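Colleague: Residue numbers (the numbering used here), protein chains in the order written: chain A, 1 to 525; chain B, 1 to 304.
There could be a bad hint or two in this list.
[What the hints assert, rightly or not] Which chain B residues stay away from chain A? Per the calculated CB distances, all over 12 Å, these:
| hint | residue |
| --- | --- |
| 1 | S71 |
| 2 | L79 |
| 3 | R117 |
[What the hints assert, rightly or not] Label-pair ranges, simulated between beta-carbon atoms:
| hint | chain 1 | residue 1 | chain 2 | residue 2 | range |
| --- | --- | --- | --- | --- | --- |
| 4 | B | C54 | A | D144 | 29 to 35 Å |
| 5 | B | V193 | A | E214 | 51 to 57 Å |
| 6 | B | L146 | A | K108 | 16 to 22 Å |
Treat the hints as calculated values from the structure; they're not laboratory data. Computed from a predicted structure; not experimentally measured. The beta-carbon is built from N, C-alpha and C at its ideal position, and this holds for glycine as well.
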Amino acid sequence: MNRTLIALASSVVLLVGLLFVLAGDSSRGSNTVGKSTSGTANSLVLFCAASNRAVMESIRVDYEQEFGTTIQIQYGPSQTLLSSIEVSGTGDLYLPADESFIEIGIEKSLIAEVLPLATMRAVVAVPRGNPKAIKTFDDLLRSDVRLVQASPDMAAISKVVKESLQASGKWDELAKATVAFRTNVNDVANDLVIGAADAGLVYDAVLSNYKDLEAVELDELSTVISNVSLGIVASSKQPQAALHFARYVAARDRGLLHYEKNGFVVKKGDVWKETPELTIFAGSMLRPAIDATIKAFEEREGIRVSRVYNGCGILVAQMKTGQHPDAYFACDKEFMKQVPDLFPESVDVSQNELVILVQKGNPKKISSLKDLGREGLRVGIGHEKQCAMGWLTQNTFREGGVQKEVMANVSVQTPSGDMLVNQMQTGSLDAAVAYLSNAAGAGDFLDAIQIQGLECSIAIQPLAIAADSPNAQTATRLFQRLCSPESQANFEAEGFRWQIDRKSEDGSIVGDSAIGDSAIGENEQ
Amino acid sequence: MVQSLVTQQLATQQLAKMSSSDERIGDDQVKRLGQPRQRSDVPFFLAMGGLSSCFILLIVLMLAADVMFTSFADFRIALAKPEIQAAFKLTVMSCTVAAIASLLVAVPLGYLLSRYRFPGRWIVDTLVDIPIVLPPLVLGLSLLILFHLPIFGWELERWLRDDVGFGVTYQWPAVILAQFSVSCAFAVRTMRVTFDQIDPRAEDVARTLGCTRGQAFLIIAVPQAARGMVAAVTVAWARALGEFGPILVFAGATRMRTEVLSTTVFLELSVGELNSAVAVSLIMVMMAAIVLLVLRLLGAGPAT
Numbered sequence: 001m002n003r004t005l006i007a008l009a010s011s012v013v014l015l016v017g018l019l020f021v022l023a024g025d026s027s028r029g030s031n032t033v034g035k036s037t038s039g040t041a042n043s044l045v046l047f048c049a050a051s052n053r054a055v056m057e058s059i060r061v062d063y064e065q066e067f068g069t070t071i072q073i074q075y076g077p078s079q080t081l082l083s084s085i086e087v088s089g090t091g092d093l094y095l096p097a098d099e100s101f102i103e104i105g106i107e108k109s110l111i112a113e114v115l116p117l118a119t120m121r122a123v124v125a126v127p128r129g130n131p132k133a134i135k136t137f138d139d140l141l142r143s144d145v146r147l148v149q150a151s152p153d154m155a156a157i158s159k160v161v162k163e164s165l166q167a168s169g170k171w172d173e174l175a176k177a178t179v180a181f182r183t184n185v186n187d188v189a190n191d192l193v194i195g196a197a198d199a200g201l202v203y204d205a206v207l208s209n210y211k212d213l214e215a216v217e218l219d220e221l222s223t224v225i226s227n228v229s230l231g232i233v234a235s236s237k238q239p240q241a242a243l244h245f246a247r248y249v250a251a252r253d254r255g256l257l258h259y260e261k262n263g264f265v266v267k268k269g270d271v272w273k274e275t276p277e278l279t280i281f282a283g284s285m286l287r288p289a290i291d292a293t294i295k296a297f298e299e300r301e302g303i304r305v306s307r308v309y310n311g312c313g314i315l316v317a318q319m320k321t322g323q324h325p326d327a328y329f330a331c332d333k334e335f336m337k338q339v340p341d342l343f344p345e346s347v348d349v350s351q352n353e354l355v356i357l358v359q360k361g362n363p364k365k366i367s368s369l370k371d372l373g374r375e376g377l378r379v380g381i382g383h384e385k386q387c388a389m390g391w392l393t394q395n396t397f398r399e400g401g402v403q404k405e406v407m408a409n410v411s412v413q414t415p416s417g418d419m420l421v422n423q424m425q426t427g428s429l430d431a432a433v434a435y436l437s438n439a440a441g442a443g444d445f446l447d448a449i450q451i452q453g454l455e456c457s458i459a460i461q462p463l464a465i466a467a468d469s470p471n472a473q474t475a476t477r478l479f480q481r482l483c484s485p486e487s488q489a490n491f492e493a494e495g496f497r498w499q500i501d502r503k504s505e506d507g508s509i510v511g512d513s514a515i516g517d518s519a520i521g522e523n524e525q
Numbered sequence: 001m002v003q004s005l006v007t008q009q010l011a012t013q014q015l016a017k018m019s020s021s022d023e024r025i026g027d028d029q030v031k032r033l034g035q036p037r038q039r040s041d042v043p044f045f046l047a048m049g050g051l052s053s054c055f056i057l058l059i060v061l062m063l064a065a066d067v068m069f070t071s072f073a074d075f076r077i078a079l080a081k082p083e084i085q086a087a088f089k090l091t092v093m094s095c096t097v098a099a100i101a102s103l104l105v106a107v108p109l110g111y112l113l114s115r116y117r118f119p120g121r122w123i124v125d126t127l128v129d130i131p132i133v134l135p136p137l138v139l140g141l142s143l144l145i146l147f148h149l150p151i152f153g154w155e156l157e158r159w160l161r162d163d164v165g166f167g168v169t170y171q172w173p174a175v176i177l178a179q180f181s182v183s184c185a186f187a188v189r190t191m192r193v194t195f196d197q198i199d200p201r202a203e204d205v206a207r208t209l210g211c212t213r214g215q216a217f218l219i220i221a222v223p224q225a226a227r228g229m230v231a232a233v234t235v236a237w238a239r240a241l242g243e244f245g246p247i248l249v250f251a252g253a254t255r256m257r258t259e260v261l262s263t264t265v266f267l268e269l270s271v272g273e274l275n276s277a278v279a280v281s282l283i284m285v286m287m288a289a290i291v292l293l294v295l296r297l298l299g300a301g302p303a304t
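Using the sequences and the hints, build the whole thing.
Modeller: Following this line, the structure appears as structure tokens:
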């Protein structure tokens, strides 16, 4: 056999040998994967923007030591990683350079939950000592200053800078003064380190990695702020484990400490608990509409949610005596207004109207509120002090001018509409004033008569997250779950009308709505 | 073995006889051209050398700048990192596997494209070049799509992972596959040119002496293509070393797992570790220089 053929045969042997070595290394690697103490997963895949590598590596080490779950981190450019998630349908978590990529992920239904971590502010980066004495916006336009920035088409920072400066008419001159548009802020910073530029627009947090650079803050850039958020991949096969790690990263006494150390302005995350327990106070009438959603939330998050259903008057009294739930879902706005310190901001989620419940076939021929005042009728209503329904009923009676007549026939006042339905079923009442949703499951033996012409007979249900909740982020995700289209279907099936508008809902997901602001946005440390 | 050597010798002698007349013509031409020189060759060498040195100088200056930018301490720190050690090991092994696999495919494919005119040849010829002209990220994306495209509910990656027990995407095989996809195209191109330059008459003569096509290929063509094969392995290995885009998309850049040196440079750059990035780049340069030197020495040895 000639030498060439011998060499070819040898290379085949070498090829096989190398493949065995690689396969051996790989299996040894997988054997070292520890057992998760939380019993959820042995390994998670995180798609992480390369710019977050330093902070994420330190968090990964801590988490793996504490729980034994291996975190496999795929680093890359944010958009490339998002495309990988879209094409491969793999991965558990996604941490892009800024939140704009999360928004794209949500639009494409690739991201299910979002946990806010920190904010970054746009600054002008210059070499340490600021040799070109750049202090104002006009300095950036000087002919002796080589300015670089990231492309507005590729990086969120420049997109926001462009929008902000276009409003003041300064963008065009800045673009003209820019000698190069780079793909990301790291390239901009690298240009400065190498000496290819004198000034560049970057996020302040990025500069913690560059000891040779310093930041110059400009008023024109003061509003250019981007969020850093961690997303849970919608197609993750282990959402509980993914959320466990995500909560760890977003916890104020765990992952956020690392973010703060790396120069980020961190959000006020939740206090770390391996299995957090949320408490939600909710009006009794909401139970059928929200209970299934809360159960699904518990399962997905791997946490516990204690539900306290009762008349809103009673719930308010409990809160005033010191009980502080993480979230409160009131039967009517009036009962939210009574605890403004605990819940300064709320979002109206649904509405429910008062109706007159009568026995099937309406044997007493009741057609309006006035008929309830007929002599001999046994009428049940909600308790005015104990529940929103009772308070609303009294208002409606007053507005309808029938309060005196009807109250004469009221034989029972209960703290919830369910109790009235039960009493109707036993035949102890001829009619009851309750929510339409109370009658949703009682169509076989009850009829509902609509109350015409009285706006006040409609109750609006607001939801709020407690301002002092140590679990505000988790509670916010519960809120988002309660605002989801699946939840809307549950509400509508139970006779509620959906109140929250899509804009508010979408905004809340990314933390821009009232609820998002109260729970997240204003909690920066 | 003796028989194959005899066949090869006979074929070479026959070929020498057939081409002896051509050689005589060549000698005459040389004599005519060999007149006394009337002008100096210095301008020729100055022009040629000057133009050539532009490129050489550029490379030398770039390397010098890299060396000046970093320090020995940066090298020591970079080499001490377990992540970079793992990336180094994976780089060497994956590049070698990709280069050998490329050669094993390139030799037969290059030979077929060079020697035969078969239906659809131009299509094959064009397809071979596609990985060369395709943007690297697109190649990686295409690989990713290939492994995750559901076809009537069946998906290649799921099948490999669940049924075969051998996942590819975001694992080390993805690194090799991404490197191979590009390296092989260059290797095929090199082998094709190699076989184009080898006169097929020796193989034809061998066949007239009783060799099959296979024997003619193995005994005559392959030994003559030895240097071309070394060149193909060199190109494939070097190409695999520099591969970045497809690996990033298809294999990811997981530390200690799918990180190769080219992705290390990217990761270090992304966090502002310029010194470390340059140190790793220079390590890659040294690796490439050593491997290319070894292969060149192998290529300079006797072909058969």
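Colleague: Now look at each hint and say whether the structure bears it out.
Modeller: Now for the hints, and whether the structure bears them out:
1. S71: holds (15 Å)
2. L79: holds (19 Å)
3. R117: About 26 Å separates R117 (chain B) from the closest Cβ of chain A, which puts it past 12 Å; holds.
4. B:C54 - A:D144: 29 to 35 Å: Cβ of C54 (chain B) to Cβ of D144 (chain A): about 31 Å, so the range 29 to 35 Å holds.
5. B:V193 - A:E214: 51 to 57 Å: Holds: the Cβ-Cβ distance is about 55 Å, inside 51 to 57 Å.
6. B:L146 - A:K108: 16 to 22 Å: holds (21 Å)
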